[in-house]
Structure formats: C-alpha cells, structure tokens
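Engineer: Take a look at the letters that make up each chain.
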Amino acid sequence: MPQGLLGIEDLTREEVEAILARARDFQPLQNQTNKRLDLLRGRMIVNLFFEASTRTRTSFEIAAKRLGADAVSITASGSSVQKGESLVDTLNTLAAMRPDAIVMRHAASGAPHFLARHLPAPIINAGDGTHEHPTQALLDALTILDHHSTLEGLRVAIIGDIVHSRVARSNIYLLSKFGVDIVLCGPAPLLPPQMAQLAAGVTLTHDMREAIRDADVIMMLRVQLERQDDSPFPAGEYYPFYGLRHEHLDLAKSDVLVMHPGPINRGREISSEVADSQRSVILNQVENGIAVRMAVLERIMKQ
Amino acid sequence: MSRLLLKNGRVVDPASGWDGAADVLLEDGRVAGVGPGLDSAGAEVFDAGGLIVAPGFIDMHVHLREPGFEHSETIETGSRAAAAGGFTAICAMPNTHPVNDSATVTSYIVERARRHAVVHVYPIGAITSKSAGEELAAIGSMKQAGIVAVSDDGRPVMNARVMRRAMEMARSFDLPVIDHCEDLHLSAGGDMHEGLHSAKLGLRGIPACSEDVMVARDILLAEVTGARFHVAHISSRHSIGMVRHAKSLGLPVTAEVTPHHFTLSEQDMIPYDSNYKMKPPLRSPCDAAAAIEGVVSGAIDAIATDHAPHPGSEKMQEFESCPFGILGLETAIALALETFVHAKRISLLEMVGLFTTAPARILKLNAGALSPGAPADITIFDLDTAWTYDVNRSFSKSRNTPFHGREFRGGPAATIVGGRSVWRRDQES
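Line order of the protein sequences matches chains A and B.
Note that numbering that gives the first Met the number 0 gives residue 43 to position 44 of the first sequence, counting from 1, and the numbers run on in steps of one.
Note that numbering that gives the first Met the number 0 gives residue 161 to position 162 of the second sequence, counting from 1, and the numbers run on in steps of one.
Careful, some of the hints might be misleading.
So these bits of chain B aren't anywhere near chain A, every CB distance computed over 12 Å [stated by the list, open to error]:
| # | residue |
| --- | --- |
| 1 | A31 |
| 2 | V33 |
| 3 | E134 |
| 4 | A288 |
| 5 | A368 |
| 6 | S370 |
| 7 | Y388 |
If you want a taste of the chain B side facing chain A, the calculated C-beta under 8 Å gives, among others [stated by the list, open to error]:
| # | residue |
| --- | --- |
| 8 | L195 |
| 9 | L200 |
| 10 | P270 |
| 11 | Q316 |
| 12 | E319 |
No lab work stands behind these hints: they were computed from the structure.
Remember, predicted model here, so these are calculated numbers, not experimental data.
Every residue, glycine too, gets a C-beta built ideally from N, C-alpha and C.
For reference, chain A alone in the conformation it holds in the complex (with noise of 0.2 Å):
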C-alpha cells in the first residue's frame, strides 16, 4: 500500500517534526515575487472534495502550484458521485488516470482509510467526517511554533463541539506527542468521557474558565449542527457558556494565541472583538496551511 497521510495519530513525534521543518523552509516564498518551486514538476495530484471545502481546498491546490505539479480539482456536485456512482468506483476511475496522489475529503469517517486498502495511489486526508484532519493540526503546530520555540510544556485550551471535530481529534493527538497539557471544553453532549483516553495530557472540563485558565493557546471549535441529528442543547445557552469574549482573556496567559480553523461563527462561539484582536492568529493559521501543505505533497511524493 502506497504511503499517504491519513492522520496523525499513526506518526511519530520526529514524522512530525521533518514535516514542520521542512514547512519552515517554504514559510518565506509567500513574501517572495516568484513563489514557484520546481521540486514535483510533471506529477499530478487530484483534489477530490466530497463535502464542501473553500480553504482547504484552495490550500491544497496553491500548495500543488507551488511545488510545480498539476492539480485538478473535483467537487462531489456535478461529479458522477451525483449519478450514483459508488465511491470505490469513482476512486478506481480517478486512479485509472494515474494522479500521484490523492488529496481527499469526505464527510464519512474513515472512508480515506477504507480507499488506501483498495486503491494504488497515496491518499492525502484532506478531512475525514468527524476522524481526522491531519493538515489543519499540522498547520496550527506551526503557527503556534512562529511563536514559541517548542510545544513542550505549553497549556493548550481546546473548546467547543469536541465530539464532532476532526480538528480536534488531530490536535489531540500531534500535541500529545509533544507533552502538552491538553484541556478539552465544552457541554457534555459534545464532550464524552472517552475523549480523556484519546491520548496521554488530556483533561476535561466542562467550565470555560477553568479551562482558559493560564492557557497559552485557545483554540476555538465550530458548532457543527450539520452533524447533529438533535439538539444536544438549548441554543440559547451556547454562547453565554461557551463563547469566547474578550473578559476570558484575562484569564489566560498575556501572551495567549487565540486560534479557529475556520470558518468562524462571531457571535456564537467566538465574539467579533476577539476574532479581530492583536491575539487572533486565525489568518496566520489559513497561510501556514499552505507551507504545511507543501511540506505533505513534497514528502508523499518524492518518496
């Protein structure tokens, strides 16, 4: 089986660290005229995006340019997806045509990983249902490195619906690889017990401030009531428990990074003023995301 990225959780802390460093030597191009490299000139990679995506997408193909290789990008609507197909048929077709790799986002979790075991070409998991995202977790260690010279020992704050975020799930497991001290936040139906067990330094809480408390990092989650087949809460009681505010900030380490891997809703988990602030590095994030991406296409295609 042809080696992709899946997620996270089956890499070592030193995969990790050659992909960041190798992503630091490409942070500089976006201040550069010419941000063209050459390194993968002549290898294809195909965009196949079965659920709605502009960053990612967008990232990831910038990120194939860059490096000189062909993208192309197919989006699930207008595709045969719509005709019927099923998604091994569809996978063995795009195959056929022999891309390089596979840059993949589903809905369904695990559907890349059920993909890599029928199919020849290197899968990218450009974001898996509520699994894995292992670029978004890549991206945001880097961003958090352009601040601080190591993630050991840092107090990283995760808030938010928990139980359905793939970013999440990343996050847990590239920051526990490092020794960070990871606080998961949020109402129970989005924060079950297991998600403790996910990886060694997790604690929960339910208590926004308990959690922001010296926190060197925030990060804030969406809401995703597009994978909710209830209301596991009164609306109204989101915000006032779980929204991030500008008094919260006081609470956390003055230097505190806030983070969101997009895209926000102010007003509902996080307040316009504090989107805004010198501490918000939300954009930061959405350019390292190209750096990063680079530094994955780069190491799953050379090899």
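Fit chain B to the known structure of chain A by using the hints.
Structural biologist: Structure of chain B alone, referenced to chain A:
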C-alpha cells in the same frame, strides 16, 4: 425402508445426558435406536469413528433474505450454508420483503423451503404489521401456517403498549416473543459500540444502555403478561445481569448469544472494515467476557448466529453507509468449540445443549434429541481437525464475515436431515 447406521462415534445427547461411545440407527426418517449392537441388517453404514454424533443443531436466528432480497441469500443457499455449518434446522427472521406478517407469506416460505431447502426451515413471524411497530400482525394465523415465534428483529417495537399487547397475543397462541432489544432513539445514527474506540474513530456510538433499557422493559412486560420473552443476540453485561435476575425470579425469560459477541470485542475491529459492523455491535472486552460467563453460568440459554448476508456491493462502502450484519452459519460450531470446549469452560455435553435442547425448549420444537422416534436429524462434527475458514468457498451468496482466514480446531463433518446426508466434509471438492 431406508436405514442408516452411524457406527463407532461418540454420541453426545444432552436430552438424555448421554456422552459416550454408541451407534445410532436411523430408520425411515426417525431415530430407531441408540446403543451398542443394534440390529442393522441391510443398513447403509457411516463410520463415525473419531467423530461426535449429536442431535441436529438448531440455529434460531437466521436471515434467509427470501422473499425480496434474493441477491443476498435465498432459502436454498442459506440452507446449504446451514448444512455446511452443521445445522439441521434454522429459524428464518421475518424482515424479508414483504415482511412475514401474514399467513400468506409464512406459507410461501414454508413451501419454498419444502422444495428448495436442504435443512428444516422454521419461519418466525413479525410482531407488527410490516414490522412498523404499530398494528399487531396476524399472529394466530401465522402460527397455523407454521411460525414458531414472533419477532420484529431489526425494527424493534418501540411502543411499550404495543409490545404488551403483542406479548398477550403471543401468550394466547403459546409462542415466544423474540426481541431485538434496542432503543432506537438512544442508538440513532450509531455505527459501532459507544466507547473509546468510537470516540477515536469518529464514528457515532450505539451505547450498551440502548440494549439494556429495552431488556428491562421487556422483562417487566413479560412479568405482567406471563409471555415467554427471549432476548435475541444479547451483548451487554447489564442485559445479561438482568436476564439472570429475571430467571432467579422464575420469570419465563431466555436469551441467546452469537458467536461473534463471545469471541470478538470492539478492540478486534479492523478500523472502518464493514465485516465488523453489526447490530448489536461488538462491545467492550468486559461485555464479551460477560457473554462467556453468561453461557457458563446458564444466564444465557442458547447460541444463535444472526446469520445476516449482505452482498459485496453493499459492504464495500463508507463504513457509515454499510448495512449491519455478518455471516454466521459456517463458523458457529468451531467458534463455540474454541471458546467453550477447548478452553474447558463447559463440557461438550453442555455445548451441544446450547445448540439443541435449548432452542428446542425455547421454541417448543420436537427436535434436538436422539430419543427413539425423534426426527433423524443429526449433526456430526469433530474436535481436532485443523482447518481454515475460506469465505470464498462459502455456500452463502454473500461474503461478509470477520472470520475469513481464521484457523480453527474442530468443526462440522457431516449433516443428516430426515435420515439423509445433506452435507459431508469429505465430499467437498
């Protein structure tokens, strides 16, 4: 007059408590005698030396998919898989299309089975019309047409009042009510056991309590109505505890467990492999241990497979889109031997009872014993032959099993129905 002598075997007959060397003489579809030195003039001889000769095994929980889903299984192919698995009788769950909720459908199944099945097929009727959980099905007429129990397996009755009425009717017709205990609100959207593994894999959970609350409800309703209540495929330790408690109170409550629930847990799942997706789901190692203990202590009465064929096209999808269920008929005896007999947890006599006297008692069938005059249905198996399960050679139309490639010690050797051999291992190509 057709006569068949099974010679030199070790006869294991839980009905009489016999476990020892003996010959068995079958005559005109009946057991004519068990013992040494039987008058067998003119009988065909089957040398059962080194083999176990037992009453025909009964699988009280099978999905034959006919009528309606013949691309997954038919009465014929399912019955052939049963024969190859050592079963001489199988009970057909009613979730076909149409649902077996009327005497017409029951008669159709009985007639198709008479023509095409190589083992006995006992239909189970629906509890409610179309298994929709609202109006009761024609339970009395279905009984006259041949059902041996009622169940809305897979689509459990959620309304407790409807279930109470169903139990009252089932009692009137002396039928057991078999319930697939699952609170559909608690399990909604779930794909696997709710716990650490579902949290890790980002899959929605089916909590054990979704089974437990329904077992509790049904035990209470069985007490009120006096109906015989049988828990299908029990999988949670609390449910097993409640069945034990109900038995201690003298209530007519019984339970079956599947081989996959006592041999596998959520930890054995290959991530996102639909061969591990079934309802109830593979639960925690504690629950699997409780299932084993429940069999050993007698809280669980019977082993049934919940054989649930699905074609590859349906199982080769995203995990959450795949249907629930796995094959079971051809691996059940070997898995039971492995867990209970080879591990010395129970005697061979007790293990055979889980497949014979127990289902016969629960369903009130004239089967599962080797007494003279009983039907000549015989399961012959051995304890030691090493073999590997190859699902590609299965008699089932489907291939969904987590046990492909598993190595076993001991398994079915020959299956005799009505005095005639319907499957023999040594005649497999």
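Engineer: It remains to establish, for every hint, whether it holds in the given structure.
Structural biologist: Outcome of the hint check:
Listed as a non-interface residue, B/A31 keeps its Cβ farther than 12 Å from every Cβ of chain A; the least gap is roughly 54 Å. Distance to chain A confirms B/V33 as a non-interface residue, since its nearest Cβ pair spans about 51 Å, more than 12 Å. The claim that B/E134 lies off the interface holds: its Cβ sits roughly 27 Å from the closest Cβ of chain A, which is beyond the 12 Å cut-off. The beta carbon of B/A288 sits about 20 Å from the closest Cβ of chain A, which is more than 12 Å, so the claim that it is off the interface holds.
Non-interface status of B/A368 relative to chain A is upheld: no Cβ of that chain comes within 12 Å, the nearest being about 47 Å off. The beta carbon of B/S370 sits about 52 Å from the closest Cβ of chain A, which is more than 12 Å, so the claim that it is off the interface holds. No Cβ of chain A approaches the Cβ of B/Y388 within 12 Å, the least distance being about 20 Å, so the stated non-interface status holds. Taking 8 Å as the C-beta contact cut-off toward chain A, the hint placing B/L195 at the interface holds, the least distance being around 5 Å.
Because the beta carbon of B/L200 sits about 6 Å from the nearest beta carbon in chain A, less than 8 Å, this interface hint is met. This hint holds: B/P270 has a C-beta 6 Å from the nearest C-beta of chain A, less than the 8 Å allowed. With a cut of 8 Å, the hint placing B/Q316 at the interface with chain A holds, because the nearest CB-to-CB distance is about 6 Å. The criterion of a C-beta within 8 Å of any C-beta in chain A is met by B/E319, whose closest approach is roughly 5 Å, and the hint holds.
When the structure is compared with the earlier hints, no violation turns up for any of them.
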